[in-house]
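Student: Okay, here's what each chain looks like letter by letter:
Protein chains: 4
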Amino acid sequence: MFFASDNAAGIAPEILEAIGRANTGYALGYGNDEWTKRVERRFAEVFERDVAVFLVPSGTVANAQALAHVTPPWGAVLCHEHSHIAVDECGAPEFFGGGIKLIGLSGAAGKISAAKLREALAQGQWGGPHHVSPAALSLSQATESGTIYRAGEIKELSDIAHERGLAVHIDGARLGNALARMNISPAEATWKAGADVLSFGATKGGAMAAEAVVFFDPARGANMLDRRKRGGALLSKHRFIAAQIEAFLERDLWLKLARRANDMADRLAEGLKAAGCAPVWPVEANEVFAPISHDADKRLQAAGAVYHEWPPFGVSLPAGRVLVRLVTSFQTTAAEIDAFLRALRG
Amino acid sequence: MFFASDNAAGIAPEILEAIGRANTGYALGYGNDEWTKRVERRFAEVFERDVAVFLVPSGTVANAQALAHVTPPWGAVLCHEHSHIAVDECGAPEFFGGGIKLIGLSGAAGKISAAKLREALAQGQWGGPHHVSPAALSLSQATESGTIYRAGEIKELSDIAHERGLAVHIDGARLGNALARMNISPAEATWKAGADVLSFGATKGGAMAAEAVVFFDPARGANMLDRRKRGGALLSKHRFIAAQIEAFLERDLWLKLARRANDMADRLAEGLKAAGCAPVWPVEANEVFAPISHDADKRLQAAGAVYHEWPPFGVSLPAGRVLVRLVTSFQTTAAEIDAFLRALRG
Amino acid sequence: MFFASDNAAGIAPEILEAIGRANTGYALGYGNDEWTKRVERRFAEVFERDVAVFLVPSGTVANAQALAHVTPPWGAVLCHEHSHIAVDECGAPEFFGGGIKLIGLSGAAGKISAAKLREALAQGQWGGPHHVSPAALSLSQATESGTIYRAGEIKELSDIAHERGLAVHIDGARLGNALARMNISPAEATWKAGADVLSFGATKGGAMAAEAVVFFDPARGANMLDRRKRGGALLSKHRFIAAQIEAFLERDLWLKLARRANDMADRLAEGLKAAGCAPVWPVEANEVFAPISHDADKRLQAAGAVYHEWPPFGVSLPAGRVLVRLVTSFQTTAAEIDAFLRALRG
Amino acid sequence: MFFASDNAAGIAPEILEAIGRANTGYALGYGNDEWTKRVERRFAEVFERDVAVFLVPSGTVANAQALAHVTPPWGAVLCHEHSHIAVDECGAPEFFGGGIKLIGLSGAAGKISAAKLREALAQGQWGGPHHVSPAALSLSQATESGTIYRAGEIKELSDIAHERGLAVHIDGARLGNALARMNISPAEATWKAGADVLSFGATKGGAMAAEAVVFFDPARGANMLDRRKRGGALLSKHRFIAAQIEAFLERDLWLKLARRANDMADRLAEGLKAAGCAPVWPVEANEVFAPISHDADKRLQAAGAVYHEWPPFGVSLPAGRVLVRLVTSFQTTAAEIDAFLRALRG
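Protein chains in written order, with my numbering: chain A, 1 to 346; chain R, 347 to 692; chain C, 693 to 1038; chain P, 1039 to 1384.
Treat the hints loosely; a few may be bogus.
Stated by the list, open to error - With a straight-line cut-off of 27 Å between C-alpha atoms, the simulated BS3-like cross-links for lysine-lysine are:
(1) A:K116 - C:K808
(2) A:K256 - A:K37
(3) R:K462 - P:K1154
(4) A:K192 - A:K155
(5) C:K808 - C:K847
(6) C:K847 - C:K884
What the hints assert, rightly or not - Non-contacting residues of chain R with respect to chain C, defined by C-beta distances greater than 10 Å in every case (computed):
(7) P359
(8) A398
(9) A497
(10) N529
(11) S662
(12) T679
(13) A680
(14) A681
What the hints contain is simulated information worked out from the structure, not anything from laboratory work.
Don't be surprised by glycine CBs; every beta carbon is placed ideally from N, CA and C.
Looking at chain A on its own, in the form it has when it is part of the complex:
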């Protein structure tokens, strides 16, 4: 009953095996190895176009360096006010970007609406040179509220952004979960919908420590090698990070793992609903936000369930309820869900 985060899960067996298989003989460091070359080609296939790919060991550094690469120091990144980059990365984008500014936009269920983005661009004070200039739009897919942007929504937001010269970044720490839900291709959910740069997440999905920054226009990735190195994010025994990603992408493992996590979230959501604790936001990925009673909370904790309380962010909870975040992963089992629901009901 461990629902604290999907990063509390371990390594998917296929990925751990791939690390082991890569552990033979010698390979040049810093990405000059066959695993890395293969993974670069594989990304091009997955996204159906040439891309520039840079593997890094954490989602925070992926986001921060991706944003720094498309935002000048006097630029602003528009993002959801509760997004990971705005709240949970201790100012990493500001640091890597040389003091860029993140502008948090409000929006229900963790999502930025087209209307809100238009308003921010129209009514904000920009440039001049007294004000920062909007340089990037960052969307979280899935969002921090467990919801997802449909391809059409991304397209609409991207069009607004591009019209004003902003680059579009997707924080895809849980991209697999979003894709598994939508049943559209990686290309459709990213560059075909207007994304310029993607933080492709593998760690939460089942890897040990592996993320990728993907530029859909390879020219945009020029000098990212230098940024990654001086940002401390270039691993020396690079074949092992590449091997993780390779296994993750192999025969759509990432989507299979994501689907499993999503299925568990659905099972959990249904049980919560049946128990009168219907999730407050649509369950579209692997996160469930449920208002439970204080008694249930106590029972669950006593039973050993692990999860975090969460701010309701504008949702009004029934009296006597607390909002909790429950995150499933590829590792979650139906038995865990059922045990949780039993403890919930008391």
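Mind docking chains R, C and P on chain A? Use the hints.
Tutor: Here is chains R, C and P on its own, set in the frame of chain A:
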């Protein structure tokens, strides 16, 4: 015959097994796990004192964040002019330090002498506020020339540094190799000799991607958690980086692996000397710098040997010779050495 | 009829004369001159305590360096969401602070309330290390809405801030205007009310280009000399910036000039009220925010009046009205006010 | 007898008068004024081409922002090892450039030779991405040793730099002195010889606090407005900095003032030579470096002469001599020179 770098080696089996053993059940992310707690205690034992330890995935980020933590933006780091931090990290210390300055000191065989350090501190233009102020001394152990600082040398340099208020940093990417050679304790080679902060290397020694920043005065590590996070160097599935270090330290595995690499370097050095290519700098760790003839160079490359040519840095080579760097690792075999020497001799 | 900004005014004659008087003979550069020493002593008198003073040529650099000096890179500055530092300095605090984060708090009439500050500190996600940590509270005196904080208000806010370990900064670009209104001493309005560091403004008040960063605990100013130099804000012919400030402080010139500006603002406000355009926020310094009709707007512009339209920031304007900001200065004359009011009335 | 620095001089009367003349009526702030527009046009005339001009209050911020604008964070600036940017600006270029690296090249009399530049580019370790990449060449005109680069020398160095894609920056804090000596046009000494960006100095030449960053290709100045603002270097009452520069350029005042300073340096040099203290480097601008006896040093100081001792930088001094730097300015009189020489001779 792969001598390009010790990061071309793989993962030591004991360490890979430890990753596998850690891959069971759930664990809270970001260092809130049992592996991390154990490894922190283990470091205290290894260094015979309370320390503050921060695990990070690359040596570059370990060095850069360690230096940034003990150097104000207007500070200077004195280091060897050919040190890794000065030459090979693409400006990472400058970036993480908010624009600190690295002052490269010359010195034979990759080492800074006490006289040179005294001269730099006495004759440099410091503070005022027109000039930067010396804030840290960084020593590489082993050096980029494969030599090592004896404990007495570190003590003398540290005393000079401390007298002027500088912190003493050791880039210990190959600390194990140095220790294995000297047969002194980790404490004797570091804080007992005056070191304040250490980049403890495990990757080159046999880990997959694991380094540690160790503050010998734990108070000095205050807020390093924040720096690591915003620097993108906090891994989410942290148990796996901790498990690597735990196995590395377990029953002195790190020293055993280092000793094996050193032994291979010695074997190589002897063979080179016998072949008239005596190393130009003392072989004290796992790096051998040998002047070989252009013909031998061709023969070796034809035979599949992999290594880098190296600038002679003030050493005058015999005519017709080129300096090459040969790095051994825990993975190097006597058979590889012997094959190399055969190809060398032609 | 020039009400665009108080920086559109010229140099007060007394200050220009002081520059001229200082233009004799030689003086060592960079602050090693008698004018600077005198001005430092004068600040101690004005504030009735030892202070550390650093003269700089712009308000932006004063604010940004003051904040950077009391905020670590992983720190947050809490400020009003419409404050100059948050909106009008193109990210200077973020840049000088190495990527610090500014957290904008809402509040009527440009002011932060104690309740709002308490809420932000209590409900925000801080530290951890996933989140930035609150490090400073910045108050604008007078505010961007032309209102002022009374000493008791500053005290209450400072107490809340200090309890959480935050430093208290005052952006005093218009401190003179606030003081002239309150008739309390500089000490009472700053450190006696809890301020730790002050951006002391002289430019808007009548100087040519002269501001001062004042640390009320001189120890807190340690190394600010270095920060100022490397931030490009140390003037070489320093006697001339010191001479400006000296004249500004001489026989309370700054307060006299501020009083004149305030009086003109009052005259303007009265006239506006009489004309049915009562200011939307209390006129407590030298800025008047008045809702005028579109017709009046046209008439005024046709008559040559210069001012900026302003966002109403939550105030609902009568239909057909536009909010305009009218800033008076020491240079404003009653005749200008009266001409403006005539044009307004048509 | 004040030879400590040319920034110890005051304001040239013509420039002070211009400030006074500008002090009438109102003018929009931040450069939106007539003085600024005129000065921009004037620069285009002076340099015989369209340029992008940005006025700033200090030479340090001019250099640092100019370099930051043409150097990516992973870039290196090649400069003389004793240049002002490398030694005397407390790391400002590193700070403004986000951690760029300055590579100091040795060279006699403060000058970089073509051979040295070629060697540095050929033998340095660049890019890769382990190493920083050379991005700019910075030349000081006149140099810190009081020498100057002839147009042909600049051309040769620029050609080498441009071939490798480096931008060429001139630190022209004393450009007027160099031009006055060479009797060539500003265009010939800058962009016609290959310079891309210039820190145009006025302060040392006679202004109060006024410098300009000049991009010879205006497109290269894009977004410099933003950089200047967030760097705290945009003055609000901008007409007064523009008025200084306007007067400085008016009827070649800058060259007349520089010529006066140079003449005084020549007079001083001749007297020193006659007294057996011939300057160690050619006196080509307004700085004289003379080896004087300890006795003479004492006599001069007793007589009230003010100057700095200087490191001999590779020049071997006669026994019993100390090297002193003597800087003349537009304000220096023949009487001062003669009094100095009398005291020197004893």
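Student: All hints, please: hold or fail.
Tutor: Verification of the hints:
| no. | hint | in the structure |
| --- | --- | --- |
| 1 | A:K116 - C:K808 | 25 Å, holds |
| 2 | A:K256 - A:K37 | 24 Å, holds |
| 3 | R:K462 - P:K1154 | 25 Å, holds |
| 4 | A:K192 - A:K155 | 8 Å, holds |
| 5 | C:K808 - C:K847 | 15 Å, holds |
| 6 | C:K847 - C:K884 | 8 Å, holds |
| 7 | P359 | 34 Å, holds |
| 8 | A398 | 13 Å, holds |
| 9 | A497 | 33 Å, holds |
| 10 | N529 | 39 Å, holds |
| 11 | S662 | 41 Å, holds |
| 12 | T679 | 43 Å, holds |
| 13 | A680 | 47 Å, holds |
| 14 | A681 | 48 Å, holds |
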